[in-house]
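Colleague: If you want the building blocks of each chain, they are given just below.
2 protein chains.
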Amino acid sequence: MSTAPAPSTAAAFDLAAGFRAAAVACGLRSGDGHDLTLIASDRAASAAGVFTTNRVQAAPVLYDREVLARDPAAIRAVIANAGCANACTGEPGMAATRRTAALVAAAIGCTPEQVLVLSTGVIGRALDMAKVERGIAALAAAQATRDGVAAGGLGAERGGAAAARAIMTTDTRPKTAAEDVTIDGRTIAIRGMAKGAGMIHPHMATMLSVLTTDAAIAPGALQTALAAAVKRSFNRVSVDGDMSTNDTVLLLASGASGVTPAGAALESFTAALTRVSTSLARQIARDGEGATRLVTIAVTGARDETEAHTVADSIARSPLVKTAIHGGDPNWGRVLCAAGYSGAAIDPQRLSLAFGEGPRAIMLVKAGLPLAFDAAAASALLELDPVIIRLDLGLGAAEATVWTCDLSAEYVAINAHYTT
Amino acid sequence: MSTAPAPSTAAAFDLAAGFRAAAVACGLRSGDGHDLTLIASDRAASAAGVFTTNRVQAAPVLYDREVLARDPAAIRAVIANAGCANACTGEPGMAATRRTAALVAAAIGCTPEQVLVLSTGVIGRALDMAKVERGIAALAAAQATRDGVAAGGLGAERGGAAAARAIMTTDTRPKTAAEDVTIDGRTIAIRGMAKGAGMIHPHMATMLSVLTTDAAIAPGALQTALAAAVKRSFNRVSVDGDMSTNDTVLLLASGASGVTPAGAALESFTAALTRVSTSLARQIARDGEGATRLVTIAVTGARDETEAHTVADSIARSPLVKTAIHGGDPNWGRVLCAAGYSGAAIDPQRLSLAFGEGPRAIMLVKAGLPLAFDAAAASALLELDPVIIRLDLGLGAAEATVWTCDLSAEYVAINAHYTT
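Protein sequences, first through last, are from chains P and Z.
Mapping of the first sequence onto this note's numbering: position 78 corresponds to residue 78, and the numbering continues sequentially without gaps.
Mapping of the second sequence onto this note's numbering: position 273 corresponds to residue 273, and the numbering continues sequentially without gaps.
If you're looking for bench data, these hints aren't it; they were derived computationally from the structure.
Among the hints, a few may not be true.
As the list claims (entries may be wrong) - Among chain Z residues calculated to face chain P with C-beta under 8 Å, some are:
{"no.": "1", "residue": "G124"}
{"no.": "2", "residue": "A137"}
{"no.": "3", "residue": "L320"}
{"no.": "4", "residue": "T323"}
{"no.": "5", "residue": "G327"}
{"no.": "6", "residue": "D329"}
{"no.": "7", "residue": "W332"}
{"no.": "8", "residue": "G333"}
{"no.": "9", "residue": "C337"}
{"no.": "10", "residue": "G340"}
{"no.": "11", "residue": "I346"}
{"no.": "12", "residue": "R350"}
{"no.": "13", "residue": "L407"}
{"no.": "14", "residue": "A409"}
{"no.": "15", "residue": "A416"}
Claimed, not checked - Here are the computed distance ranges between Cβ atoms for each label pair:
{"no.": "16", "chain 1": "P", "residue 1": "R303", "chain 2": "Z", "residue 2": "A361", "range": "43 to 51 Å"}
{"no.": "17", "chain 1": "P", "residue 1": "A345", "chain 2": "Z", "residue 2": "A262", "range": "37 to 45 Å"}
{"no.": "18", "chain 1": "Z", "residue 1": "A262", "chain 2": "P", "residue 2": "E410", "range": "54 to 62 Å"}
{"no.": "19", "chain 1": "P", "residue 1": "E357", "chain 2": "Z", "residue 2": "E410", "range": "28 to 36 Å"}
{"no.": "20", "chain 1": "P", "residue 1": "E383", "chain 2": "Z", "residue 2": "E305", "range": "40 to 48 Å"}
{"no.": "21", "chain 1": "P", "residue 1": "K366", "chain 2": "Z", "residue 2": "A262", "range": "48 to 56 Å"}
{"no.": "22", "chain 1": "Z", "residue 1": "A106", "chain 2": "P", "residue 2": "T306", "range": "45 to 53 Å"}
Just so you know, these numbers come straight off a predicted model, no measurement behind them.
Note that beta-carbon positions come from the ideal geometry of N, C-alpha and C, so glycine has one too.
The shape of chain P in the complex, shown without the other chains:
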């Protein structure tokens, strides 16, 4: 088997075979952008999901968990809205989610238990069901026929590129990734789209992603593959350390390719899924609110991968590290300091730190002792996109990489005002 890059530019993006997408502007969010998207599967698809671990979970998260626990082998649609998170809305919020699923089910001809729901937006406000109902009618019309695009109204558009744009909020660009995996001469497609940190009127750094494949994979194996991919991709991103009530990653497998990867081929599929997810995760970090560049924190020499991740995450979350990067200030003490309070095992005498990679890399600390360095050259490395920070703990062979962004005054400006 082999893997190959596939078209991943946002404009050319589409879902894997067996899935159809459409998007409309039903007025859930201010402005006139698309805010409701429907991804439908021609046949019953396998599905897997990974959800926020926040104890305060939005209604659609609670609902989707129920759906996948009941029957993850017969999913027919995903409906996603922006503009309202439907979180902290109690039982009325759950009723709105169930009603949304029922409307989609009636429109495309399946049961509500075959419909997954995603929401992102303002917390604590009720979903406007009149707008959702009009939106779903337009989406169903647009998906049913080419003519339906015009007939359905609400600015309906078809295709994955439209769907990827419709889930955007304060994202400045759509996020898509694609890869093809060839197994015994036959090709499986993996297509992913995601939205990242923020909203048009930001209240949450909600992360949503829908991954589709035309492989035929049973739900159990699909969940295992998704969990492995998420662990090293979406779970390695930090924009501001705030974990949303709505974070959701869904993976749907249509089986349209007729290929069922198993054994080494399934590992190959998982590896490709991880690369697609990693591409989306990096796009989310790069497009963090107010971000001017991607920051890669690579921790090596840890006793185990969990500790490597803990240290990298602590550095990625440090406002002092992120502001120093924003200012191009090679203020490396802040990196060691954040490693020190991460909770992971650290021996200060064994720490080695470098900025950048390749011939321009600069070693700042070796085995715990600071080295003389060219401050201007180190500063220049912090102006690159991506910025690369490499910390070796000197304790073992495990490693982990976390992606984040710089922290700018624009982040504060974006997040300081909304309802007033």
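Chain P is already provided as a structure; the job is to place chain Z on it using the hints.
Modeller: Chain Z only, in chain P's frame:
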């Protein structure tokens, strides 16, 4: 016994009886401010200390732990410098700390094991021992005689107010607090000074505090009292979630009052020490880098105090909460979201949230359900100083309060540039 407020304005501040302070400008930091201060005890004082739990600890932290482990009953001096943290400096850094203690010991006539050392400033740079040596000579001369103030040079000043100013870095104001406790008709003094977040050229949010009392208390009881006070004061402050390599709180007891509190009187002393420490902690939060107001996060109804603290701390660390407060945006979903990812037990159906206190307080969420509220009035509550946010978990009777500040674009500006 009874307690009484005592003069705590910074200008009138002095240490408890039995201690003398002086400060000089020896050139360790840029500008011409005082940067080296000596607190000397006429007799052997009892001492207690609480230190950063960062695994990367500055040389003076490691050194002070040694000193207090060896003999905490015979401390004669604390020497504190700003401008250089002496952290991540390896064995040469430890040698510089030992040399500093030896210079003080020689100057005032004690052993190096009777001298504690505090440092705050840039990480990873060597302490300039020539400047420290000149500074200590000037401090000793200034403390020995009134004439010595002029003779010692380096702008020497005597007294607690000068010492409180000399440990400032990017602090915009000195931080002092005082309380008198009357026991059986005799009075014990508790005097505290602290520095908070940031430096003239900020690299760390180092927190240092020196508390003095003229009570006669043995080291063991002193450590118990300090640990109890720190738990509910300094350990309840978050400016940016970055824990320094240098954080240190010292408590010295001279015994000059001749009063040894025991039993209920010792509890009374501990309560007063906690109030002094809490005053300093609130001053640190209020004067956080770029802060425009103090924020009080009060969590009630927790199963235990640790969980209450965990939830309050998570809210206090959330950049989304802190930017919303800065902008006066009553964006309460972010508060519940931060509570949800704190790791503590949360039942979303039992959460109740209010802004403010007293007649102007506004209830936003009751038993998990959002309430209609006057957005302009809620916004006005976020413009007050302090801002008060109250979250009831509805699970028990335990509570905890954490103090933080709003997050402004000025924080980013302060922290984005230094060496370039």
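Colleague: Against this structure, judge whether each hint is valid.
Modeller: Do the hints match the structure? See the list:
1. G124: Holds: closest Cβ of chain P sits about 4 Å from G124 (chain Z), inside 8 Å.
2. A137: violated, 29 Å
3. L320: holds, 5 Å
4. T323: Since chain P brings a Cβ to about 4 Å from T323 (chain Z), closer than 8 Å, the hint holds.
5. G327: Holds: closest Cβ of chain P sits about 3 Å from G327 (chain Z), inside 8 Å.
6. D329: holds, 5 Å
7. W332: Since chain P brings a Cβ to about 7 Å from W332 (chain Z), closer than 8 Å, the hint holds.
8. G333: holds, 3 Å
9. C337: holds, 5 Å
10. G340: holds, 3 Å
11. I346: holds, 4 Å
12. R350: Violated, because the Cβ-Cβ distance from R350 (chain Z) to chain P comes to roughly 11 Å (cut-off 8 Å).
13. L407: holds, 6 Å
14. A409: Nearest chain P Cβ about 4 Å off; hint holds.
15. A416: Holds - the Cβ of A416 (chain Z) comes within 8 Å of chain P, reaching about 3 Å at its closest.
16. P:R303 - Z:A361: 43 to 51 Å: With Cβ atoms ~49 Å apart, the hint holds.
17. P:A345 - Z:A262: 37 to 45 Å: Distance hint for A345 (chain P), A262 (chain Z) holds at roughly 42 Å.
18. Z:A262 - P:E410: 54 to 62 Å: holds, 58 Å
19. P:E357 - Z:E410: 28 to 36 Å: Check passed, 33 Å falls within 28 to 36 Å.
20. P:E383 - Z:E305: 40 to 48 Å: holds, 46 Å
21. P:K366 - Z:A262: 48 to 56 Å: holds, 53 Å
22. Z:A106 - P:T306: 45 to 53 Å: Distance hint for A106 (chain Z), T306 (chain P) holds at roughly 49 Å.
Of the hints listed earlier, those the structure fails to meet are numbers 2, 12, in rising order.
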